[in-house]
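Student: Next come the chains, spelled out residue by residue.
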Amino acid sequence: MSKRKFNLYFIPELVNEPITYILVKDFDLKFNILRAEVKEKGGQLLIEVDGKPAQITKGVAYLQGMGVKVEELNEFVTKDEERCTNCGMCVSICPADAIEMDRQNWKVIFHLDKCIACGLCVSSCPPKAMKLKA
Amino acid sequence: MLKRTYEEINAKIEKGDAVVMTAEEAIQLVESQGIEKATKEVDVVTTGTFGAMCSSGAFINFGHAEPPIRMSKVWLNDVPAYTGLAAVDAYIGATEEREGDGHEYGGAHVIESLIAGEAVHLRATGRGTDCYPRRDIDTYISLKSVNQAYMYNPRNAYQNYGVATNSSEKALFTYMGKLLPHYGNATYSSAGQLSPLLKDPQMRTIGMGTRIFLGGGIGYVAWEGTQFKTNIPYRNGVPSSSGRTLAVIGDLRGMSTEFIRALDFHGYGLSMAVGIGIPIPILDQDMMTCAARTDEEIFAPVLDYSIQSRNRKPMMEVSYAQLRSGTVELFGKKVKTSSLSSYYKAKVIAERLKKMINEKQFTLTRPAVAMPTDRSQKVLEVCSKEEVL
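As you go down the protein sequences, you meet chains G and U in turn.
Every letter in the first sequence is one number past the one before it in my numbering, and letter 3, counting from 1, is 28.
Every letter in the second sequence is one number past the one before it in my numbering, and letter 303, counting from 1, is 1066.
Chain G on its own, in the form it takes in the complex (with noise of 0.2 Å):
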């Protein structure tokens, strides 16, 4: 089994199709949505998928098959240990707990495996260290 992370993004004509529930009966994938969105251009969602690797590859083909563009995000953050100041104003915006303040050595911690993409810490940081993935 393993997790990883995709953003998918809908055209306007594809947020009524059921693909999540497809995902789940026809791949035998556990996902998770950590965040969701629908704009004029259409939807986005973020989810983390669990599974065989096999079938999280068959999932994604499917997905790309219907139309959706599908993003694998490992990176989508990025925290550039140059820039950033370790003055932890990240931590406390930070909604999913992804960024910590080491109390040994006060250096901020990034955890990319708890990010969500919301972006909020990107914004927040004063030297602008945290940067969104090009």
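I should point out that these hints are in silico values taken from the structure, not numbers from a laboratory.
Any given hint might turn out to be false.
What the hints assert, rightly or not - Calculated from the model, a selection of chain U residues having no Cβ within reach of chain G, i.e. all distances over 12 Å:
id, residue
1, K778
2, E794
3, K800
4, P831
5, D841
6, G847
7, K933
8, D1027
9, E1060
10, P1077
11, S1082
Stated by the list, open to error - If you want a taste of the chain U side facing chain G, the calculated C-beta under 8 Å gives, among others:
id, residue
12, R767
13, G940
14, P944
15, G979
Since this is a predicted model, take the numbers as computed values, not measurements.
Virtual Cβ for every residue (Gly too), placed ideally from N, Cα, C.
With the hints as your guide, set chain U onto chain G.
Tutor: Here is chain U on its own, set in the frame of chain G:
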């Protein structure tokens, strides 16, 4: 009672015999050995802070062009610099924003670039006079090419500061960072037990002319900082709200981007993080008592930034130990805290200053003039010519 003089301490530094400790180390020593023994043992306690200090900037003298120009407008990397000075002098303010394209780049970035050794684009215009016939220039400068480039910061190193929170329905974008609605977080900005002016709360040893660590190099206290005030509440002998400040001066040459960093507060504007360290001479037991105050003993007021008035009253006081634990309790709710000043960098600065003293690169100075002991902060009222006199 033990007494020590600046001369004695400097003589020990010169001989390599001085006992120098960071404020954190001094706290541990006092806890294990007691105040009397610690006073005898330690000559100097080093402090440090690294936080947003908006009231910062640098004077630059560019040198004369051929033919010369009297610069009346100056832009550095498209950031306007103040030029109501002599022909080729300018002051670049840290919070000044670049013209044209939004708010992400400004004076603080220019200063950071100069310190990094980078080339900076200089544009200037003048009206053309008999002594200064030239009307414009477009060139590049660097710290190598200019005559003088020195930081002069009118207000740095605040002695304590309020904790910011937000009771309102919507997020606030402030100089204290993003404040989430309904007391969603609380932000603070002092190095607490490492912060220079909290370790000499009455400023017995910090005055005009005091040599300090500034931005990675050596600087000096130039004057009382703007908004300097002494009529403040105290707890355990330490100011429990914002009090004294410093105006500081130092050569940009010799500074490091490790200790000067441009900041961008989303929705508020630009600022500059400045690293300052000050050595506290342990002249007697009272100095040691102050220098060894812990985060448990230093308190800050909590302010609701949704009240947009200079008259907002503190809701409560919290200690830096509570703030640094990661959460504080406000009205029965556990609220996550964030610091805007970097405790990590404060530690690095206190260590660096200790090393400089141990390596005889830094000796202590007696203040040329003591700071005022009776200052209150005035407000600005809209009034008539007669009323103001």
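Student: Each hint: holds or not?
Tutor: Here's how the hints hold up against the structure:
1. K778: holds (33 Å)
2. E794: holds (18 Å)
3. K800: holds (28 Å)
4. P831: Check passes; 39 Å lies beyond 12 Å.
5. D841: Label holds. Min Cβ-Cβ 18 Å, cutoff 12 Å.
6. G847: holds (30 Å)
7. K933: holds (15 Å)
8. D1027: violated (6 Å)
9. E1060: holds (19 Å)
10. P1077: holds (20 Å)
11. S1082: At about 16 Å from chain G, U:S1082 clears the 12 Å cut-off, so the statement holds.
12. R767: The hint is violated - U:R767 has no Cβ within 8 Å of chain G, the shortest such distance being about 31 Å.
13. G940: Since chain G brings a Cβ to about 5 Å from U:G940, closer than 8 Å, the hint holds.
14. P944: Violated, about 12 Å.
15. G979: violated (13 Å)
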